[in-house]
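Chains A and B, in that order, are what the protein sequence lines are. Heads up, the first sequence is in this note's numbering, so the first residue is 528 and it goes up one at a time. Heads up, the second sequence is in this note's numbering, so the first residue is 867 and it goes up one at a time.
Incorrect hints may appear among the rest.
Unchecked claim - In silico lysine-lysine, DSSO-like type, Cα no more than 27 Å apart, as pairs:
1. A:K690 with A:K592
2. A:K574 with B:K1031
3. A:K669 with A:K659
4. A:K574 with A:K592
5. A:K669 with B:K916
6. B:K1066 with B:K1089
7. A:K598 with B:K1089
8. A:K649 with B:K1066
9. A:K598 with B:K1066
10. A:K690 with A:K752
11. B:K1031 with B:K916
12. A:K669 with B:K1031
13. A:K659 with A:K649
14. A:K649 with A:K690
These are computed hints drawn from the structure, not numbers from a lab.
The residues making up each chain are set out below.
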Amino acid sequence: MAVLELTNISKHFGAIQAVNDVSLSIEPGQVVGLMGDNGAGKSTLVKMIAGNFRPSHGTMRMDDKELILHKPVEARQHGIEIVHQDLALCNNLTAAANVYLGRELRRGVGPFRILDYAAMYKRAGQIFAELKSETRPRDLVKQMSGGQRQAVAIARTMLSQAKIVLMDEPTAAISVRQVAEVLNLIRHLRDQGIAVVLISHRMPDVFDVADRVIVMRRGRKVADKAIASSSPEEVTGLITGAIEQVA
Amino acid sequence: MAVTLDQTIAQKQHTFLSRLFSSQTFWVVIAVILACIFLSFATDAFATSKNLYNITRNITFVAIVALGMTFVIITGGIDLSVGSVLCLCSMVLAVTMHAGYSIEIGILATIATALVIGAFNGIFIAYLGFPPFVVTLGMLSIARSLAMVASNNTVVFQFGPDHNKLLALGGGAWVFGIANPVLYMIILALITGFILRWTKFGRHIFAIGGNEHAATLTGVPVKQIKVAVYMISALSAGIAGIIETGWLGAVTTNLGNGMELQVIAATVIGGANLAGGVGTAFGAIVGAALIEVIRNSLGLLGINAFWQGTFIGGAILLAVLFDRIRNFRRSD
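The task is simple: from the sequences and hints, build the whole structure.
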């Protein structure tokens, strides 16, 4: 059964048709590469799933129930987590503080509740261990490598029972070795039955880690097929428009 | 393999000492202590109980406002209106009590005034997107003018039926001969330190200063928190105003003139970063202490008072220089 299903989704801003009649479904434990040129509608599509925008037309269903999101917090409550392109990290805080930002653990009663540093360090450490990332919860994010920063941002998605993780260009600005690290993090999420939507410009990454690739061009979905039955050449053709559409 | 990974994750990179030595506040404390030791030997007047009483009390007014300013500066904002707000609050207290109301009503009116001004600043900054510098610069002008309106630009020195209570509140020394304002400062510093380190609110303030966009994306109520910090800043100015009124026994419309710069200097010397994300309650107090010790010592050493600004300015630059040097080393 699909964890998320989009039916005939469209979004326009005034006269601009950003997303046009897109339908797709995402299965649990599946990594879907979402590709397309700048302005193809990837970000708009993802922002609708993340609760930033409301679709102009069409419906979204999650676990067979209609999904209507007014703001990003509601998406999170439904188990949709986003790893933003800029990672949304505070350099002046520790890794654990960043993981728990906005959902800090506290102990005590009533108005006398204080931050539970010990519990947050412990749980953040466990998540980093699960992700096989050498990231210390007590270190400031300022001093961290690109791969570690990705791990902190991804660790956020593992605090609650996420069903879908949307990742916006997670490998755009990091070194080759760190890219491998991030792709491993994505596999870990997948192995736990979490669906991952990977928005990327980087063909090798998508073909390395994704099970399926969806290509968008000018607001329309022009391809949606298993990675095994596609090729980088075909996807490039679809992105540029050299190939019009494939089934 | 798994064991080594766990060990790596559990490792603490910073010991207590390394953290201490890398903190700007620590070095400012050392500077204050060295200055005090030097002055005790160099002058007869410094280490007398009367002078120490004066110094500690003089520190408090700037320090209390600096505590409130610390919240604002950690979020990456600035509040230039504190000196004028202090004046307006003192004047509201003086005028209310002069009109025959009790001290309780006077204090309530003062606190309410402070909170309304803080909310005004905060709403313009957080919801209407005005730059903090501009809004609080406007308030600097407005609040002082309102103080003049409230008092008709006269000096108020009679505070009605509760006159003596007010003077005792600000000028007394109820515990162990420590000046009352010093006690208030210590209590407020402890509360500030607690909020910054142990509450969700405090954590969110640091997050906003570190990366406001990230704080918004992760669901931190950025706008409400910004309004709150400007209210806290104005409140601290109001509290300092009440205490200073009680201590001075008179209010003029000159009170707190130029104080905002001393307060900002104190927070910056104490280690707060005007770019946001860094600052402590202890730092604000220590910064205020260093400024006061410099001022006091120049007088005692017989150096022309015109040099004061040079020394305080030098202290600001020196304190931040330490921070820069540390960062250069780290970026290497």
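Hints, verified against the model:
With a C-alpha separation of about 14 Å, the suggested pairing of A:K690 with A:K592 holds against the 27 Å cut-off. With a C-alpha separation of about 61 Å, the suggested pair A:K574 and B:K1031 falls outside the 27 Å cut-off, and the hint is violated. The straight-line distance between the Cα atoms of A:K669 and A:K659 is roughly 20 Å, inside the 27 Å bound, and the hint therefore holds. At roughly 19 Å between alpha-carbon atoms, A:K574 and A:K592 fall within 27 Å of each other, so this suggested pair holds.
For the proposed pair A:K669 and B:K916, the alpha carbon gap of about 47 Å is over 27 Å, so the pair is violated. About 15 Å separates the Cα atoms of B:K1066 and B:K1089, which keeps this hinted pair within 27 Å; it holds. Under the criterion of a C-alpha separation no larger than 27 Å, the hint pairing A:K598 with B:K1089 is consistent with the structure, at around 16 Å. Restraint check for A:K649 and B:K1066: the C-alpha separation of about 18 Å stays at or below 27 Å, so the hint holds.
With a CA separation close to 22 Å, the supplied pair A:K598 and B:K1066 stays within the 27 Å bound. Of the supplied pair hints, the one linking A:K690 and A:K752 holds, its CA atoms being roughly 22 Å apart against a limit of 27 Å. Proposed proximity of B:K1031 and B:K916 is supported: the alpha carbons are some 23 Å apart, at most 27 Å. Under the criterion of a C-alpha separation no larger than 27 Å, the hint pairing A:K669 with B:K1031 is inconsistent with the structure, at around 51 Å.
With a C-alpha separation of about 15 Å, the suggested pair A:K659 and A:K649 falls inside the 27 Å cut-off, and the hint holds. In summary, the hint linking A:K649 to A:K690 is supported, as the alpha carbons are separated by about 23 Å, within the 27 Å threshold.
When held up to the earlier numbered hints, the structure conflicts with 2, 5 and 12 and fits the remainder.
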